[in-house]
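Here is how the chains run, residue by residue.
Protein chains: 2
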Amino acid sequence: MNQSYNSVLLDNAIAELSKLPGIGHKTALRLALHLLRKDPEVAYALGNSVIEMRKGISYCPVCHNISESGVCSICSDNHRDHEVVCVVENIKDVITIERTHEHSGVYHVLGGLISPLDGISPSDLEIDSLVKRVEQDKISEVILALSPTMEGDTTNFYIYRKLSHLPVKVSVLARGISIGNELEYTDELTLGRSILNRTPFAK
Amino acid sequence: MNQSYNSVLLDNAIAELSKLPGIGHKTALRLALHLLRKDPEVAYALGNSVIEMRKGISYCPVCHNISESGVCSICSDNHRDHEVVCVVENIKDVITIERTHEHSGVYHVLGGLISPLDGISPSDLEIDSLVKRVEQDKISEVILALSPTMEGDTTNFYIYRKLSHLPVKVSVLARGISIGNELEYTDELTLGRSILNRTPFAK
Numbered sequence: 063m064n065q066s067y068n069s070v071l072l073d074n075a076i077a078e079l080s081k082l083p084g085i086g087h088k089t090a091l092r093l094a095l096h097l098l099r100k101d102p103e104v105a106y107a108l109g110n111s112v113i114e115m116r117k118g119i120s121y122c123p124v125c126h127n128i129s130e131s132g133v134c135s136i137c138s139d140n141h142r143d144h145e146v147v148c149v150v151e152n153i154k155d156v157i158t159i160e161r162t163h164e165h166s167g168v169y170h171v172l173g174g175l176i177s178p179l180d181g182i183s184p185s186d187l188e189i190d191s192l193v194k195r196v197e198q199d200k201i202s203e204v205i206l207a208l209s210p211t212m213e214g215d216t217t218n219f220y221i222y223r224k225l226s227h228l229p230v231k232v233s234v235l236a237r238g239i240s241i242g243n244e245l246e247y248t249d250e251l252t253l254g255r256s257i258l259n260r261t262p263f264a265k
Numbered sequence: 063m064n065q066s067y068n069s070v071l072l073d074n075a076i077a078e079l080s081k082l083p084g085i086g087h088k089t090a091l092r093l094a095l096h097l098l099r100k101d102p103e104v105a106y107a108l109g110n111s112v113i114e115m116r117k118g119i120s121y122c123p124v125c126h127n128i129s130e131s132g133v134c135s136i137c138s139d140n141h142r143d144h145e146v147v148c149v150v151e152n153i154k155d156v157i158t159i160e161r162t163h164e165h166s167g168v169y170h171v172l173g174g175l176i177s178p179l180d181g182i183s184p185s186d187l188e189i190d191s192l193v194k195r196v197e198q199d200k201i202s203e204v205i206l207a208l209s210p211t212m213e214g215d216t217t218n219f220y221i222y223r224k225l226s227h228l229p230v231k232v233s234v235l236a237r238g239i240s241i242g243n244e245l246e247y248t249d250e251l252t253l254g255r256s257i258l259n260r261t262p263f264a265k
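Chains as they are written, first to last, in the numbering used here: chain Z, 63 to 265; chain A, 63 to 265.
Hints were generated in silico from the structure; no laboratory data involved.
Which copy is meant is left open, so a pair is good if it fits within one copy or across any two.
Here are the computed lysine-lysine pairs in the DSS-like style, where the Cα-Cα straight-line distance is at most 27 angstroms:
hint, residue 1, residue 2
1, Lys100, Lys154
2, Lys154, Lys224
3, Lys231, Lys200
4, Lys194, Lys154
5, Lys200, Lys224
6, Lys117, Lys81
Quantities reported herein were computed from a predicted structural model and do not represent experimental measurements.
Using the sequences provided together with the hints, build the complete structure.
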């Protein structure tokens, strides 16, 4: 803090707001002044919603998705196929996949990807709990739905090896050209892979 | 809200965060997930600082700067020159001018500038209270320290006319070339004005 606004309360709020990712001192000041201009209820609602969220949300002990009370709503849904587990990086990806309406199974949230450069090793992720889940529960397929990046591929391979001794089918998301994209602008690696993995023409 | 994260608490926090200026739904989600990953204390500190700020900060009844208890620290400072009032747009400008250490008087925060396009008329600003202050208190000079924009100039002129019947000196900030800027890149209007308003060479 190299500035003081003659108010410890304002200084505090700016300090806390600027701890958020992507929010610097100037933006924090702008947000604080915005809250001071608006009705007090706006600031109270914001403050309370953040506190209540952090208080009320925990993680599902089964799939590590967020949950407000023990086992999450997906894991406790009997209409879903509990034999098919989709492995994702984080809870945002759970939502992304849910919106496709193409996965009727359950999830396993890793909490990140293996990335030695960022100091994230397999032990930092929920990989052991995934292996234990496959060992103990009746699981027929594990779908690795990680990003097609170096970190994602490393994690895919690590999990594949960890599961190789178990009688479970391990699959990854299909890679190929994006629907709606011009072929001209598709990168060569993806295009090459999509030729190798070509599928029978479906009328 | 076209997305739901299976948690009313998370949805709420995202909704409140995305009410902040410049923060959309995606950024709000990122901020919320950041708070969920960090220690609970981080979220509690943020929430409480915002609530406490809004609860504790009010406006100085004299100059309309922020204040934690009645008359602000500048207005209640006897070492300052209460005869010289510097008129600024908002509380950020109070800090900016304080940091120059060139103004030893007091302030009057308008709360904005006259801007018919944005629907801000003189009655929305603290102009009447400024006129009343000049009428009632012993004020020798009013320094108009508003931005050199169309809105600032409009407001300057409006205040100047409102004060014209009173025995008070009204001044505006000097306009000219910025210290440290190349002459080549100074705009013609500013350069022209700085020639007209040239000052005696000070050795």
